[in-house]
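Q: Sequence:
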Amino acid sequence: YFNSAFQLDMSGEIPVYHKSMLVTGVEKMPHKELLGFLEKLVVNLGGTMRGNGYQEFRETFASPQDGTRVAPVICWESVFGEYVSDYVSEAGANFLFIITNDGWWKDTPGHRQHNSFASLRAIENRRSVARSANTGISSLIDQRGVELARIGWWERSGLRGTLNKNDHLTFYVKHGDFLGRIAVLLTVILLLYSIVFRYIKK
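Going by our numbering, the letters in the sequence shown line up with residues 85 to 286, in that order.
One or more of the hints may lead you astray.
If you anchor each label on the Cβ, the simulated ranges turn out as follows [said to hold, decoys possible]: (1) Phe164 x Arg228: 27 to 37 Å; (2) Ser95 x Ile273: 47 to 57 Å; (3) Val280 x Thr152: 48 to 58 Å; (4) Asn248 x Trp189: 52 to 62 Å; (5) Ser95 x Val272: 19 to 29 Å; (6) Trp188 x Gly242: 21 to 31 Å; (7) Asn185 x Phe281: 42 to 52 Å; (8) Asn218 x Val100: 15 to 25 Å; (9) Ser88 x Leu274: 43 to 53 Å; (10) Leu274 x Asp150: 46 to 56 Å.
Just so you know, the hints here were simulated from the structure itself, not pulled from any lab data.
Built from N, CA and C at the ideal position, the CB exists for glycine as well.
Build the full structure now, drawing on both the sequences and the hints.
A: Right, here's the structure in full:
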């Protein structure tokens, strides 16, 4: 099985992207030989022990008119900043299109938080985002992370708007979570320093 996105246009070709970042316990189960006893529970929750198929590389859909490239980000993948930025740095994405099934969350803060991640991805990559969720929230987001339009939870409607194309590569696209790694390193150094200082002081 695959969780996939495909593009339909006038060219007659149908490019397909298979989701690469699978959800543990729902789309894949690591160490099945050790965790096989969880199979009944996982299946009852709508997951699988067999594991869905996936592809390892990022792929964009290109417009046959002008070559504009769209990143087909599927559901859970939109949570990971560096993962999404690879669509821009490696595959040349000009826009980010997110498709997702947020019905799992029901009407809880989970689906709202998931929608908020789309704004973070827009800011990090300076790419406009179109987000389509089968149960909501669907939204159009500009390159600054500002939500231009939305369809709320469980609303039946459609969105129409203008998103701007961008080719610029941001610091984040080039270097990823560079600042975050420095912050973690400094935290570890300060923690070790405080432990050693207390030991010497005693």
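Q: Kindly indicate which numbered hints from before are broken by the structure, ordering the numbers from low to high.
A: Of the numbered hints given earlier, those the structure breaks are 1, 4 and 5, listed in rising order.
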